[in-house]
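Participant: Put chains B and C on the given structure of chain A with help from the hints.
Protein chains in written order, with my numbering: chain A, 1 to 317; chain B, 1 to 317; chain C, 1 to 317.
By construction, these hints were calculated from the structure, which means they are not laboratory data. Warning: the hint list may mix true and false statements.
[Stated by the list, open to error] Restricting the straight-line Cα-Cα distance to at most 20 angstroms, the calculated cross-link-like pairs of lysine to aspartate or glutamate (EDC-like) are:
#: 1; chain 1: A; residue 1: Lys46; chain 2: C; residue 2: Asp268
#: 2; chain 1: C; residue 1: Lys128; chain 2: A; residue 2: Asp289
#: 3; chain 1: C; residue 1: Lys76; chain 2: B; residue 2: Asp111
#: 4; chain 1: B; residue 1: Lys162; chain 2: B; residue 2: Asp228
#: 5; chain 1: B; residue 1: Lys47; chain 2: A; residue 2: Glu133
#: 6; chain 1: C; residue 1: Lys47; chain 2: B; residue 2: Glu133
#: 7; chain 1: C; residue 1: Lys46; chain 2: B; residue 2: Asp111
#: 8; chain 1: B; residue 1: Lys46; chain 2: A; residue 2: Glu133
#: 9; chain 1: B; residue 1: Lys161; chain 2: B; residue 2: Asp284
#: 10; chain 1: C; residue 1: Lys162; chain 2: C; residue 2: Asp268
#: 11; chain 1: C; residue 1: Lys46; chain 2: B; residue 2: Glu133
#: 12; chain 1: B; residue 1: Lys261; chain 2: B; residue 2: Asp228
#: 13; chain 1: B; residue 1: Lys266; chain 2: B; residue 2: Asp228
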Amino acid sequence: MNNPQLNKHGELQHLLSTEGLPSRILYDILDRASAFVDGDGSREIKKVPLLHGKSVFNIFFENSTRTRTTFEIAAKRLSADVVNLNIGSSSTSKGETLLDTVDNLCAMHADMFIVRHAQSGAAHLIAKHVAPEIHVINAGDGRHAHPTQALLDMYTIRHYKKEFHNLRVAIVGDILHSRVARSQIHALTTLGVPEVRVIAPKTLLPSHVEQLGVRVFHDMAQGLRDVDVVLMLRLQNERMQGAALPSAQEYFKYYGLTQEKLALAKADAIVMHPGPMNRGIEIDSSVADGGQSVILPQVTFGIAVRMAVMSMLAGDK
Amino acid sequence: MNNPQLNKHGELQHLLSTEGLPSRILYDILDRASAFVDGDGSREIKKVPLLHGKSVFNIFFENSTRTRTTFEIAAKRLSADVVNLNIGSSSTSKGETLLDTVDNLCAMHADMFIVRHAQSGAAHLIAKHVAPEIHVINAGDGRHAHPTQALLDMYTIRHYKKEFHNLRVAIVGDILHSRVARSQIHALTTLGVPEVRVIAPKTLLPSHVEQLGVRVFHDMAQGLRDVDVVLMLRLQNERMQGAALPSAQEYFKYYGLTQEKLALAKADAIVMHPGPMNRGIEIDSSVADGGQSVILPQVTFGIAVRMAVMSMLAGDK
Amino acid sequence: MNNPQLNKHGELQHLLSTEGLPSRILYDILDRASAFVDGDGSREIKKVPLLHGKSVFNIFFENSTRTRTTFEIAAKRLSADVVNLNIGSSSTSKGETLLDTVDNLCAMHADMFIVRHAQSGAAHLIAKHVAPEIHVINAGDGRHAHPTQALLDMYTIRHYKKEFHNLRVAIVGDILHSRVARSQIHALTTLGVPEVRVIAPKTLLPSHVEQLGVRVFHDMAQGLRDVDVVLMLRLQNERMQGAALPSAQEYFKYYGLTQEKLALAKADAIVMHPGPMNRGIEIDSSVADGGQSVILPQVTFGIAVRMAVMSMLAGDK
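So here's chain A without its partners, still in its complex pose (with noise of 0.2 angstroms):
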């Protein structure tokens, strides 16, 4: 099978999942992104035309404001037009099927569309029906990918540890749900990372994960020693009523981010999260503000991620 995200020439045709993307891509689309970010990492970033007069649509049959932001805010500053639709209030519920939105959405010149879908590979059947001139971003399908977080997260991993030959990683929480998860876990080992690991309790692994490449740890107390950068994953709220756990407390006792629990990784590794946080559950707030958290910075690489990934699909040549 030939990979979908790239075209004939071997260039990034659609972005949809880190699984497949060649270190190449990966590293293009990082050094792209440090171009929209200035030296500190702090303000301006300045409009761009790189897309001016492309269209982008953001069509989210899930309904997420702030991943729907971080996109919107990328593609303005590169000044596209750009159009919201939220469909689960849309066409479908007036029973067309999604490739009949998809396709009129099309013949409207769409260029790029950023989609959000409950169902796994949504984002995948979508870049398969479109003509090629149009471009897909997958922005999180069901429990399979999230590519822009996990490209973020490189961002960021990079910024602050500049290699990534010689690193411990660990990502922690609810493995067995996460699309974020997963996304990390093929662009770090696409990267190079020798060691990464998944810290979880059984009941959020999902079966097989080491034929990932990675680690299995269900303690924290070993998981996280010597770890360069700790990767916390959100645990959903529908998770903590489930059969999958006992308590929000009793998580939070066993697998929440506390400092004591951070004192055993590196002196000086990075905390990441992808946001929004359940502060007491997953993560304490003495970690999420303090000293060794990257949280902010991540979203501010993520819009450059986010403006580098779009200009690659859609701006001229």
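Facilitator: Positioned in the frame of chain A, the structure of chains B and C alone reads:
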């Protein structure tokens, strides 16, 4: 009664209905729209500054993501500032009258209103109320009119058939409740189509529909014979549950467009549909996706037609 | 306590309340707004590039299409990129704290927040929290303040009456629950209006309201006598059903503004209302639409005032 759609110079002031519009205005819109479509009707509608600095308000009292999106895209390609107001959830729920809401938006220096309303005549009411420098486009009012849909249909017919004076056109489906059908009939007769047919069960036809200048058929086999254009209508979900129809299956059997029925039309007949389609109810998928279907080009032309109307109304003279 | 609305140079840093703003700042806003209004207060606010490349976030924790629209239009006329967030349906529902939401938006390089919140003090809380390069405008917080409404009212009064120092101004209606009234009183007294009256039933007045420097009336006939300006307030629907009022009819009889009652004011008195109006409850239609009403000019000036505030806060110095 003078025509509220034309100013004293006979130019388009508002677009409320295809009824009463002279053919020279219709042709002017179609000609102008062709400037926004490239040679083969595919890619590259460039962004143009015709409405730069103008404020276009989409005021939708009735939800329609698809129609709102087409106007939003058209306005943005003309460089207008677009504000979307979903009025159902807004001031009218606070007890404000429709005209107070409109007065307020006018006072914000609106240049154009795109109005969708469940009540027939709402766009007329607003057009009569506003100051002369403000323009109103009816994006669908009750059962009354949906003129931009009819105009894009005319554009599509002209694109494929070149002339109107030698055509047989059939409109099929729920004529009774359809503002699209009403607007199509007026546009077709004004443009000189010699034979306009409507095909529907008696329960879905307005009384005295012949007075609009159409031939009435209750049977697809007779009605489709030798036509050049088939305009399918969407069957609203609420009709399917109502007393007007026995069942969706029954409807499809008698009035659904299949390859077999379409074979009765001319060999080069084109098939159109305003969307969103109910596949398997008013139209079979093999027809919708078949070689005679021009349903997606309709959408493309729809953007161009809306750009044409908007720039005629509010562009610098 | 130093004023959180001013920076160390005494310039406007945030607009949170008219309380505590020096008169020179108020005049600066009004003067600057006049540059965005043409001679006769009617057409042609041209689009200007003062906020080009800046990101303005409308974060509305309380729904208000009208107020959100005025800020959106003002920001777009300044060429800003505008992102609307209806936070009720967003991350806070996912358990994220208000300040985490704000931190995230700051990390996306927001330049300005327009904040609407049901809780008094929300905008202050955000303003104290953000970095110095980010500016906050309070678009209404609980019963506390709605400063841009009061400023547009001041602009309107000055437009029609030229000076403040010789005026009698009456505010009529539900003073108790009104953030608009509170902001108007502070602005009027700061600008030197010698006599500010409030007219309301006892149940709709805050205790010790006289301490704000106003004269209290419970009777329209006395309160309106010889005033230059009548500021009507909107009666919230929820009050009409509550214990504070016998009925809407009763309210209209005693406190609704009719031509008859208005005749007690000066012959050239102007009538204002923040909208949306309840016709027949707090104001009679003949007054709302009459020659002394300046309710629609208020809306026009409101855009200009918001452009003025935004450009003072975030425009290039």
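Participant: Among all the numbered hints in the text so far, which are the ones the structure does not match?
Facilitator: 1, 9
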